[in-house]
Amino acid sequence: MDAWALLLAATLNAGTLVALAALGLLINERAGVVNLGAEGMMLMAAIAGFAATAYSGSDVVGLLAGMGAGALMALALGWLVVMLNTNQYATGLALSLFGAGCSAFVGQGYTQVTLGPRPSYAVPGLSELPWIGPALFRQHPLVYLTVALAAALTWWLTRSRAGLVLRAVGESPEAAHALGYPVRRIRLLAVVAGGALCGLAGAYCSVVYTPLWVEGMIAGKGWIALALTSFATWRPARVLLGAYLFGGVTMLQFHLQGQGVQVASQFLSMLPYLATILVLVLISRNESFIRANMPASLGKPFHPGS
Amino acid sequence: MSLSCLTSSNAVRGTAWCAAGVSHAPDGPVPGEARPRAARRTVRRAWLAAAAAMVMLAACGKKEDTPAASSAPGAAASPAASASAPLQVAFAYVGPVGDGGWSFAHDNARKAVEKEFGDRIKTTFVEKVPEGGDAEHVFRDLVQQGNTLVFGTTFGYMEPMLKVAADSPHVKFEHATGYKQSANMRTYDSRTYEGAYLAGVVAGAMTKSNRLGVVGSIPIPEVIRNINSFALGARSTNPKATVTVVWVNEWFNPPQETNAAQTLINAGADVLMQNTDSSAVLQTAEKNGKYAFGWDSDMSSYGPKAHLASAVVNWAPYYSASIKAVLDGTWSAGPGKHSWWGVKEGAIDLVALNDVVPAEVKARVEKVKAGLKDGSFVIWKGPVVGQDGQVMLAKDQVADDNFLQGLKSYVQGVEGQAPSGK
Chain C
596 MDAWALLLAA TLNAGTLVAL AALGLLINER AGVVNLGAEG MMLMAAIAGF
646 AATAYSGSDV VGLLAGMGAG ALMALALGWL VVMLNTNQYA TGLALSLFGA
696 GCSAFVGQGY TQVTLGPRPS YAVPGLSELP WIGPALFRQH PLVYLTVALA
746 AALTWWLTRS RAGLVLRAVG ESPEAAHALG YPVRRIRLLA VVAGGALCGL
796 AGAYCSVVYT PLWVEGMIAG KGWIALALTS FATWRPARVL LGAYLFGGVT
846 MLQFHLQGQG VQVASQFLSM LPYLATILVL VLISRNESFI RANMPASLGK
896 PFHPGS
Chain G
60 MSLSCLTSSN AVRGTAWCAA GVSHAPDGPV PGEARPRAAR RTVRRAWLAA
110 AAAMVMLAAC GKKEDTPAAS SAPGAAASPA ASASAPLQVA FAYVGPVGDG
160 GWSFAHDNAR KAVEKEFGDR IKTTFVEKVP EGGDAEHVFR DLVQQGNTLV
210 FGTTFGYMEP MLKVAADSPH VKFEHATGYK QSANMRTYDS RTYEGAYLAG
260 VVAGAMTKSN RLGVVGSIPI PEVIRNINSF ALGARSTNPK ATVTVVWVNE
310 WFNPPQETNA AQTLINAGAD VLMQNTDSSA VLQTAEKNGK YAFGWDSDMS
360 SYGPKAHLAS AVVNWAPYYS ASIKAVLDGT WSAGPGKHSW WGVKEGAIDL
410 VALNDVVPAE VKARVEKVKA GLKDGSFVIW KGPVVGQDGQ VMLAKDQVAD
460 DNFLQGLKSY VQGVEGQAPS GK
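Each protein sequence line maps, in turn, to chains C and G. Just remember that our numbering sits 595 ahead of the position in the first sequence, which is counted from 1. Just remember that our numbering sits 59 ahead of the position in the second sequence, which is counted from 1.
Bear in mind the hints are in silico, worked out from the structure with no lab data behind them. This structure is a prediction, so every number in the text was calculated from the model and none was measured. Even glycine gets a Cβ: it sits at the ideal position worked out from N, Cα and C. No incorrect hints appear here.
Taking beta-carbon pairs under 7 Å as the criterion, some of the chain C residues facing chain G (in silico):
| no. | residue |
| --- | --- |
| 1 | 713 |
| 2 | 805 |
| 3 | 810 |
| 4 | 860 |
FRET-style restraints, in silico, Cβ to Cβ:
| no. | chain 1 | residue 1 | chain 2 | residue 2 | range |
| --- | --- | --- | --- | --- | --- |
| 5 | G | 379 | C | 862 | 42 to 50 Å |
| 6 | C | 759 | G | 309 | 41 to 49 Å |
| 7 | G | 376 | C | 703 | 25 to 33 Å |
The shape of chain C in the complex, shown without the other chains:
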C-alpha cells in the first residue's frame, strides 16, 4: 500500500515538470504561435536556474532566473516569428538547437558543481495523514502551484476578457486586428509568458527534480510537452491530466521492474509513449472535436495591413 502512495507522489512530481512546460506552450499556441524551441528554452533555463541557485543558495532565485532565461529566449523567438514573420517551425527548431548548444557551452564549468543540502517539503498537518500524507502532501510547492495554474488558466481563457482576446488572436488575428487589438503585441506577450513557464519547468528540473547540471539533461521533455498540448486539445485541465498520465506510466514502468514483474524492460520503457499515442489516437478519432478546439490560425504568421 505504501509503495503505491510513493508511486503516486513520484507521478505528481514527474508530471509537474512536463505540465508546467505544456501549460506555457498552451498559452503560446492559443495565441497562434507554435513554439518548437521549448526544449532549448528549458535547457537554457535549467543552466540559468542551476547557476543562480549555486551562487545565491536559494531555490527561489534559481527558479526565477530560469523563468527569466526562458522569457528571454521566448522574446527572441517572438521577435523573429511575430515581428519579422519568419517561419515558426524553422525558427523554433533553430532556437531549440541553439539552446542545446549554448546551454552546454555556458554550463561547461557547472558539471562538477553541487547545490547545498536539498530541503524537504511537507504541508503541516496534512502530511502526517496515513497514506494520503506521503502520497500527496510532501511535495515541492510548485507541484501545487501547477495545479492552481491550470485551474487559473482555464478560468482566464474561458471567463475573462483578456483570455477571450488572446483566443481571438489565435483564432482570427484579422478579426482581432479589425477590432483594434494590437495582435502582434499580444502574440509577443503570449510567447514571452509561455517561455517563462517553459523556463520555470527547466529550472525545476535542474534545481529541484534532478539537482545537477549536465548537458542535455532535459532529455526530450520539451518535445513531450509540445506533443501534450495538442494531445490535450489545447485545454489546461487535459494538459494536466496528460502530464500526470505520462509521468505516471513513466514511474509505473520502473515500479513494475522494481517489483520484479517479468516483462521486458525495453517494452516497459516504451509504455509512456505508447500510452500517450494511444490516447492521442482515441481523441483524434473525433475530427470535428479537434477542429473545434484547435486555434484556427495556429502557426500562421500575421501581417497587419495585408
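Put chain G on the given structure of chain C with help from the hints.
Frame of chain C; chain G shown alone:
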C-alpha cells in the same frame, strides 16, 4: 520521436532543413521546396539554419588543440623529440566531456597522457559523436586532419572504425569495449566488474534493509556482468543481501535515472549502484538520506553524505602504454589483439571511501584489491550459483574471459529476470 506526434508537413520539413543546415552549409533550396511563393521564405529559412549551424559549431564543436609550448614541462629537456613532428592522437567520445562519468574519465586520461608526453604528442578530441553511421564521417575527418593514432571510446563505433581503418592503413586505431580487430585496429576494455565487486563488498556491509538497488543502463553482457559482480561482492560480506535492478535502457538520461533511483528507494533499497553515466542516482540517494556509489569517475562531490565510494576507471595507463608503443615503433594490431585491464594494471580502482565505512570494511576492500593485483584472489571463482539455482561455476572453477564476456543471466541474489536472458 515525439515530434512525429505533431506530424504537420511543415514540422517535418523544418526538421530536414535544420539537419541539413548543421551538417553542411545549405547550398540552395531543397528541390521539393522550390515553389515561387515560398522562395523568399526559403532563403530566410536557409539563412536561419545556417546561422543556427554556425552558432552550434561555435558552441559545441570545440576541439582542443594542445598549445605545445604551454603544456610541455619537458620541452627544453628533450630537444630531439621536439625536432620531429609530434604524434597526433585523436579521441572520439560518445558523451559530452562534462558528463562527469564515462566520457569524462576518458578525457581525464587524455589530459594525463598529454601531461606525460608533453610536446611529443598533440591531442584532439571530438565529443558527442553519435554511435553508428555519423561516426564514420568523424573518423574520416580525424584521419584527414593528420591524426595517426585514433581512439574510439564506445562500443557503437566498431563498424565505422573498421571501415575507416581499412581505408587508412597508415593510421592506428584503438577501439574501446569492442571485439573486432583488423591489421591496424585493436581493442581494449577495462574490467569494470572488478570495481562493481569492490563496491558490492562495501554495499553489503552498509545495508540495513539487506536490499540493494541497481539502476541498469542497457542490458548487454558488460552491464549484466557488473550487476552480478556487485551482487557477488555484496554477498561476500552479507549473505542476506539481495539486489533489485531497474533498467532505464539509456546510458545517459538524468531525469529517468532519478526516477529509477527513486523507485528503488521506495521499494526499500538503502544502498544504490548504477551503470548509467550521470551522477543522478547518487544525488537522489543524497536527497533521500540513503547511500550510493560513484561510477566511472570520482563523484564524491555530488553527494558527500550518500557517497560511499567511487568505482573509477582509469584509462591513462592503457593510453600511455599505447602511445608509448607507437612512439617506440612497437605498436601492433591484428585479430585477437585485445587488452582487458583491471585493478592489476591500475585501470580499475575503488576510491574516495566515505568516513562512515567501518575500518574493517575498508581493510577488506584493500585486501581484495591486493589479491586482484597479485593474482591470489579471483572474483569469478566457483562455486557460483545462478539465479535459477543452477551451478554456473563449480567449486574452484575459474571463469575465463569468454565466460565473462558471454554472461547473460543473473547470479543468485539478484531479483527479476535479466532482459537479455532466454
